[in-house]
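There are 2 protein chains.
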Amino acid sequence: MEWVLQVHLYRKYFKMDQQKLFIQIALNSWNTQISRAEKVFNSYSDSDFLKQIAPEKNRIIYLYGHLAVYHDLLKETLGLGTSKYASLAPLFLQNPDNMESEMPSIEELKAIWNEVHGDLKELFNNLAPEEWFKRHNAMTDADFEKDPSRNRLSVVLNRANHVAYHLGQVVLVKPENI
Amino acid sequence: MEWVLQVHLYRKYFKMDQQKLFIQIALNSWNTQISRAEKVFNSYSDSDFLKQIAPEKNRIIYLYGHLAVYHDLLKETLGLGTSKYASLAPLFLQNPDNMESEMPSIEELKAIWNEVHGDLKELFNNLAPEEWFKRHNAMTDADFEKDPSRNRLSVVLNRANHVAYHLGQVVLVKPENI
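For the protein sequence lines, the chains are A and B, in the order given. With the first letter of the first sequence counted as 1, position 156 gets the number 156 in our numbering; the numbers rise by one all the way through. With the first letter of the second sequence counted as 1, position 16 gets the number 16 in our numbering; the numbers rise by one all the way through.
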């Protein structure tokens, strides 16, 4: 039964090889959006953070907190950890921007952003390839069996699109038309 | 040498299986963004199309043409076909929106949008799994050997993010805060 062992090893090897390539492609998409977002947010002054992206729309500070708190929750959605800033969800996730609400300072929000994205980087870099292809916590086993494409990687791609969506808004505060 | 044949078959089977799963994940990301974009654009009246997303920024009609013409070019970037609307690139890709420029009518742009995305749908649905993992036309063989994650699928993920980026702007014309 030598070939059975060989098949087993080859199967394991090629599967891992392919998986690693996919993971890299998906994480490239996520990392690109996070880098771009950090570059744009970090180019803004504290007074820019209080500007609205368009008349009567969200302020930069709101979108910054929105992304940080949503990504903090991503650990839970992926089933990889516990969120640290769930207390900020009413302010930044469950309600639109409100000029009257009391917000953390920009300095505090920057510390939260860096912590959240540092935590995710570590989690992502250390996750075993096969773990990426398991279901996320927002779906049942039965649904996952029907559609195995709804796995952790698909959640990360979805979140990358969500960053891009808000990034298109955040750049509007820049004077030039992008 | 029975096991050699078995290994070959298993290797082929599992590689294809994994590839198909990842292609589905990536195309889900693209299709979701295109469906959302179509839903938002189609909710706008002809007069909405002439509104700017924010003061002194692009109009809806420009972003609609921008996405349609960029996606028409995607066929060339992927090395899967010839663009049909390269003549519109100066208007919608190489220059920002200009109120003075003469544009195709909204009706014409809608026909172009539908044709471009219909063409892509057919190309994408008929592409053999292994073809998705080949390099795109915007890079050399040498660069691809160094980084095989820069393949056709990664281009499609990149374009999905680009749609999301502009979609975040296009929704700003809606009265509610999104």
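Honestly, the hints are just simulated from the structure, not real lab data. Be careful, since some hints might not be right.
Same chains, same names: a pair is fine if it fits in one copy or spans any two.
[Unchecked claim] Each computed DSS-like pair below joins lysine-lysine, with the alpha-carbon atoms no more than 25 Å apart:
no.: 1; residue 1: K121; residue 2: K51
no.: 2; residue 1: K57; residue 2: K121
no.: 3; residue 1: K75; residue 2: K174
no.: 4; residue 1: K146; residue 2: K121
no.: 5; residue 1: K146; residue 2: K51
no.: 6; residue 1: K84; residue 2: K121
no.: 7; residue 1: K174; residue 2: K57
no.: 8; residue 1: K146; residue 2: K134
no.: 9; residue 1: K146; residue 2: K57
no.: 10; residue 1: K51; residue 2: K20
no.: 11; residue 1: K110; residue 2: K121
no.: 12; residue 1: K134; residue 2: K39
no.: 13; residue 1: K39; residue 2: K20
no.: 14; residue 1: K57; residue 2: K84
no.: 15; residue 1: K174; residue 2: K134
no.: 16; residue 1: K174; residue 2: K51
no.: 17; residue 1: K20; residue 2: K84
no.: 18; residue 1: K121; residue 2: K174
Hints, one by one, checked against the model:
Within a single copy, K121 and K51 get their C-alpha atoms no closer than 30 Å, and across copies no closer than 40 Å, so neither meets the 25 Å cut-off. Taking the shortest alpha-carbon separations for K57 and K121, neither the intra-copy value of 31 Å nor the inter-copy value of 35 Å comes in at or below 25 Å. Taking the shortest Cα distances, K75 and K174 never come within 25 Å of each other, neither inside one copy (32 Å) nor across copies (32 Å). When the C-alpha separation of K146 and K121 is checked against a cutoff of 25 Å, the pair qualifies only between copies, where the shortest distance is 23 Å, while the shortest distance within a copy is 30 Å.
With identical chains, the CA atoms of K146 and K51 are never at most 25 Å apart, being 45 Å at best within one copy and 43 Å at best between copies. Taking CA atoms no more than 25 Å apart as the test, K84 paired with K121 passes inside one copy only; the shortest distance there is 16 Å, against 42 Å between copies. In this assembly of identical chains, K174 and K57 lie within 25 Å of each other by CA distance both inside one copy and across copies; the values are 15 Å within and 10 Å between. Taking identical chains as interchangeable, the C-alpha atoms of K146 and K134 lie at most 25 Å apart only when both belong to the same chain, with a minimum of 13 Å there against 29 Å between chains.
Taking the shortest alpha-carbon separations for K146 and K57, neither the intra-copy value of 39 Å nor the inter-copy value of 44 Å comes in at or below 25 Å. Taking the shortest Cα distances, K51 and K20 never come within 25 Å of each other, neither inside one copy (41 Å) nor across copies (45 Å). Taking the shortest Cα distances, K110 and K121 sit within 25 Å of each other inside one copy (16 Å), while across copies they are farther apart (41 Å). When the C-alpha separation of K134 and K39 is checked against a cutoff of 25 Å, the pair qualifies neither within a copy, at 32 Å, nor between copies, at 31 Å.
Neither within a single protomer nor between protomers do K39 and K20 lie at most 25 Å apart by alpha-carbon distance, with minima of 28 Å and 35 Å respectively. Taking CA atoms no more than 25 Å apart as the test, K57 paired with K84 passes in neither setting, with 27 Å inside one copy and 37 Å between copies. Neither within a single protomer nor between protomers do K174 and K134 lie at most 25 Å apart by alpha-carbon distance, with minima of 40 Å and 37 Å respectively. Taking the shortest alpha-carbon separations for K174 and K51, both the intra-copy value of 10 Å and the inter-copy value of 19 Å come in at or below 25 Å.
With identical chains, the CA atoms of K20 and K84 are never at most 25 Å apart, being 29 Å at best within one copy and 36 Å at best between copies. For the homomeric pair K121 and K174, neither the shortest alpha-carbon distance inside one copy (28 Å) nor that between copies (35 Å) is at most 25 Å.
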